[in-house]
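Residues per chain are reported as follows:
Number of protein chains: 4
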Amino acid sequence: MFGADRASLGLGMELLGTGDGSAVVRMAVRPDMVNGHGIAHGGYVFLLADTAFACASNSRGPVNVAAGADITFIAPVREGEELVASAAERVSYGRSGIYDVTVRRGDEVVAEFRGRSREVGQLG
Amino acid sequence: MFGADRASLGLGMELLGTGDGSAVVRMAVRPDMVNGHGIAHGGYVFLLADTAFACASNSRGPVNVAAGADITFIAPVREGEELVASAAERVSYGRSGIYDVTVRRGDEVVAEFRGRSREVGQLG
Amino acid sequence: MFGADRASLGLGMELLGTGDGSAVVRMAVRPDMVNGHGIAHGGYVFLLADTAFACASNSRGPVNVAAGADITFIAPVREGEELVASAAERVSYGRSGIYDVTVRRGDEVVAEFRGRSREVGQLG
Amino acid sequence: MFGADRASLGLGMELLGTGDGSAVVRMAVRPDMVNGHGIAHGGYVFLLADTAFACASNSRGPVNVAAGADITFIAPVREGEELVASAAERVSYGRSGIYDVTVRRGDEVVAEFRGRSREVGQLG
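Residue numbers (the working numbering), protein chains in the order written: chain E, 1 to 124; chain P, 1001 to 1124; chain Z, 2001 to 2124; chain C, 3001 to 3124.
Careful: at least some of the hints might be erroneous.
Output of the computed footprint for chain Z on chain C, the stretches with three or more beta carbons under 8 Å from beta carbons of chain Z [unchecked claim]:
#	stretch
1	3067 to 3073
2	3077 to 3084
Calculated from the model, a selection of chain C residues having no Cβ within reach of chain Z, i.e. all distances over 10 Å [said to hold, decoys possible]:
#	residue
3	R3006
4	G3010
5	G3017
6	T3018
7	D3020
8	S3022
9	G3042
10	E3089
11	R3105
Residues of chain E clear of chain Z, computed beta-carbon distances all greater than 12 Å [stated by the list, open to error]:
#	residue
12	L9
13	L16
14	T18
15	V24
16	D32
17	G38
18	S59
19	A67
20	G68
21	A75
22	V84
23	E89
24	S96
Don't read these hints as lab results, they were simulated from the structure. Note that the Cβ used here is the ideal one computed from N, Cα and C, for glycine as well.
Please construct the entire structure, taking both the sequences and the accompanying hints into account.
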């Protein structure tokens, strides 16, 4: 799935690992991700977390889509910094699931994300 | 603020209007925003909503940053479609605020976003 | 539905009005709702908002249940104060819906709640 | 703190343990917690989770209050059942913190809660 994801590839994301409800994705903050405050646009941090969430929730077979998500921005991120998002399934029930994603810069947490997934029959 | 926001300008966003706690921002879904499912990456819908939120929360003077946000994805969005995000302040208290952003394709709602803002002294 | 809701009635809640995706519910803060900080336990403010959400989401016919909710606590509430929760549908799609509930003490907003509903065939 | 919390004691909650950013609280679902659908009012599940969150976030010294929370309801709960909420700090930064609370009936997860805390100088 990740290999066909132009959006994530175009942002320079790299899938470091995935399997059994989890995924780890890396992204460097590029100049075009910086906002008017001189820091990375929170939306790009969300994009990274959301990609890790998508990889984790689709690591087992059936197609899952994001029904929603909540993100808390913890520390500002700047151009040139490298971020790593680690996603793990928290719980699944029926066709729904909850995944937690922590985004770090080195050892420091810069964002916490919780995604709500929904299994779908097919997409298109 | 929007004029200095390379991230938003680079995505082709256009600020249609802002003032008194509200903002309206437009974005067309480009080929590089499409994900592995053939639909727009939810992260780009978030980015659009988050930009409208930032414009609305900074429309009155003091610098506000996003402390967090929740998004619900309502309908899939495809390449070439045009989205409009309308942000409005719901409530402000102390140095905090809540803003609601609705993202539409024509008359249809495709996402609902609620952002939590925090006033800061300065950034950098 | 409200009339059969022992939980809400037992807390002294009063349904002031409902219809077409909206509802207004009132509750006075009792001594047994006060927590260790001398202010009303946030959970009771949630209960009030959740009840208004339930009445609004079931005001049109099919049975809806709460899939989840987010609440922001804006101001502390004390014993003896009277709270009014106003719920309104924000959007509905498929079997899902989003409802916004504002809890006020007089004219002052004390909490903002956003509920996610899901239509179900039957309960029991 | 828990000992002075009339709201939690009045609901029959029992603090099973607390320390170092975590807490475990138990509650049995009483007849007065049942709603119009014949199942426990989600607000009481929230109350239990919120109490575990409060105990965990105040387990280390400074006074913390709930700034907000998100809950996902996973399975319905019925009268007479016993619930256990386990809270743990996920991250803290400045005067803010995020705590995750899982509510279980035996081994089964019935709700996932994420609370946002804020340290305050004093209350009253």
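Results of checking the hints against the structure:
no. : hint         : verdict
1   : 3067 to 3073 : holds (count 7)
2   : 3077 to 3084 : violated (count 0)
3   : R3006        : violated, 6 Å
4   : G3010        : violated, 4 Å
5   : G3017        : holds, 17 Å
6   : T3018        : holds, 13 Å
7   : D3020        : holds, 19 Å
8   : S3022        : holds, 18 Å
9   : G3042        : violated, 5 Å
10  : E3089        : holds, 18 Å
11  : R3105        : holds, 17 Å
12  : L9           : holds, 30 Å
13  : L16          : holds, 30 Å
14  : T18          : holds, 26 Å
15  : V24          : holds, 27 Å
16  : D32          : holds, 31 Å
17  : G38          : holds, 28 Å
18  : S59          : holds, 23 Å
19  : A67          : violated, 8 Å
20  : G68          : violated, 8 Å
21  : A75          : holds, 21 Å
22  : V84          : holds, 27 Å
23  : E89          : holds, 17 Å
24  : S96          : violated, 8 Å
Of the numbered hints given earlier, the model fails hints 2, 3, 4, 9, 19, 20, 24; all others are met.
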